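As a plain string of letters, each chain reads:
There are 2 protein chains.
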Amino acid sequence: MPRTKGDHEARRRDVSAAVWQVMATRGFAGLTLRAVAAELGATTGLLTHYFPTKRALLAYALDLLERRTLARPRRDAGQGLAAFRDALLDILPLTSGATDSNRVWVSSWDAALCDPALTADYARKYAQGRERLRARVAAAQDLGELPPGDPARIAASAQSFVLGLVVQALFDPSAFPPERQVELLDGYLAALTAEAGSDRGGG
Amino acid sequence: MPRTKGDHEARRRDVSAAVWQVMATRGFAGLTLRAVAAELGATTGLLTHYFPTKRALLAYALDLLERRTLARPRRDAGQGLAAFRDALLDILPLTSGATDSNRVWVSSWDAALCDPALTADYARKYAQGRERLRARVAAAQDLGELPPGDPARIAASAQSFVLGLVVQALFDPSAFPPERQVELLDGYLAALTAEAGSDRGGG
Chain R
1 MPRTKGDHEA RRRDVSAAVW QVMATRGFAG LTLRAVAAEL GATTGLLTHY
51 FPTKRALLAY ALDLLERRTL ARPRRDAGQG LAAFRDALLD ILPLTSGATD
101 SNRVWVSSWD AALCDPALTA DYARKYAQGR ERLRARVAAA QDLGELPPGD
151 PARIAASAQS FVLGLVVQAL FDPSAFPPER QVELLDGYLA ALTAEAGSDR
201 GGG
Chain P
1 MPRTKGDHEA RRRDVSAAVW QVMATRGFAG LTLRAVAAEL GATTGLLTHY
51 FPTKRALLAY ALDLLERRTL ARPRRDAGQG LAAFRDALLD ILPLTSGATD
101 SNRVWVSSWD AALCDPALTA DYARKYAQGR ERLRARVAAA QDLGELPPGD
151 PARIAASAQS FVLGLVVQAL FDPSAFPPER QVELLDGYLA ALTAEAGSDR
201 GGG
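Chains as they are written, first to last, in UniProt numbering: chain R, 1 to 203; chain P, 1 to 203.
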């Protein structure tokens, strides 16, 4: 029987799952055709049909990372400060799926920093992330829930805070279980809120 | 003439400089005997005298990174909140040397997360870093310069903030020049200080 389009799609999903599994456990440093073939239970020869070069495999992996990140479920519980908090919670490794994603992101930084085009692409993505946070900060300010300072500064600061917390939690999950991460985030937000209260009190 | 101990030491310094240069420009992903040999203007054969395996080269590079980090100059401008701020400034990529070091640290995370022993070693180092910050937070609290909350929580939060800021600045140095990094850090500390003021006002 001829192979159908459905077979082809199913095989592509299997390949994607195998690439993801290798990245989540071994990082980009361990992402090789051989490792993906072993994960898939296939020959390296079959894999070269999908990825003729190591560079093609890397490009596929980065694209897969971006697609999975865009497709992940997002919290949408409120507006103003609650929406800002949701956006920050969405970044943290609070579930095993989010831990895998973050593991792959952090792992990809080495490859991305080595390549000027990738560095520029990552810088653009992080700038977009800050812009989305900035809009939520501004909305929270309009509601009087955050201080009247520059929302771009508050967004950049918050993005730094959660990215660093991601790194800490990946290296030391027992010191940074989900409830500790949320506690640290809420402490961070409480300081911002208190700053607003302090400004009002003093002004 | 026989080669002297001085020759040997000079050659080791050259090798270290070449390993460092390769790591700072190409990351751990680009750290190969071939790349170090090219940087040194030597043969790969000579390098195998120093590094019989890729693993030996990686171990040497990680050790070099730790020694350079421990040997770097530190700010020592004050006590209390000023000393806490100094410790955080010491981490940020505010100079080209500090940028290189941070570039190598971030690059090493991929290799470190792949290896359980290295992951544990990094977790231990970051815990030590948090403990040093915790002591400075506690001193600043004793002086009434920081809020009376758990100093370990404030230290973990501050470490997350600066680590994330390092990553942002490496990917986007034009958006995060040194003065912007310092501005963000001072905004972060101002929120902590305001929280202290707010607590006192409400208590």
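One thing to keep in mind: the hints can contain errors.
No copy is singled out in the list; a pair is fine if it fits within one copy or between any two copies.
Below are the SDA-like pairs computed for lysine to any residue, each with C-alpha atoms no more than 20 Å apart in a straight line [what the hints assert, rightly or not]: (1) Lys125 - Ala175; (2) Lys54 - Gly144; (3) Lys5 - Ala24; (4) Lys5 - Thr99; (5) Lys5 - Pro178; (6) Lys54 - Thr32.
Since the hints were derived computationally from the structure, they do not count as laboratory data. Small disclaimer: the values here were computed from a predicted structure and weren't measured.
Each hint, compared with the structure:
Only between protomers do Lys125 and Ala175 lie at most 20 Å apart by alpha-carbon distance; the minimum there is 13 Å, versus 29 Å within a single protomer. In this homomeric assembly, Lys54 and Gly144 never come within 20 Å of each other (Cα to Cα): the closest approach is 52 Å inside a single copy and 57 Å across copies. For the identical chains of this complex, Lys5 and Ala24 are neighbours neither inside a copy (29 Å) nor across copies (46 Å), given an alpha-carbon limit of 20 Å. With identical chains, the CA atoms of Lys5 and Thr99 are never at most 20 Å apart, being 33 Å at best within one copy and 50 Å at best between copies.
In the homo-oligomer, the alpha carbons of Lys5 and Pro178 never lie at most 20 Å apart, since the shortest distance is 42 Å inside one protomer and 54 Å across protomers. Taking identical chains as interchangeable, the C-alpha atoms of Lys54 and Thr32 lie at most 20 Å apart whether they share a chain (7 Å) or sit on different chains (16 Å).
Violated hints, listed in ascending order, are 2, 3, 4 and 5; each of the other numbered hints is respected by the structure.
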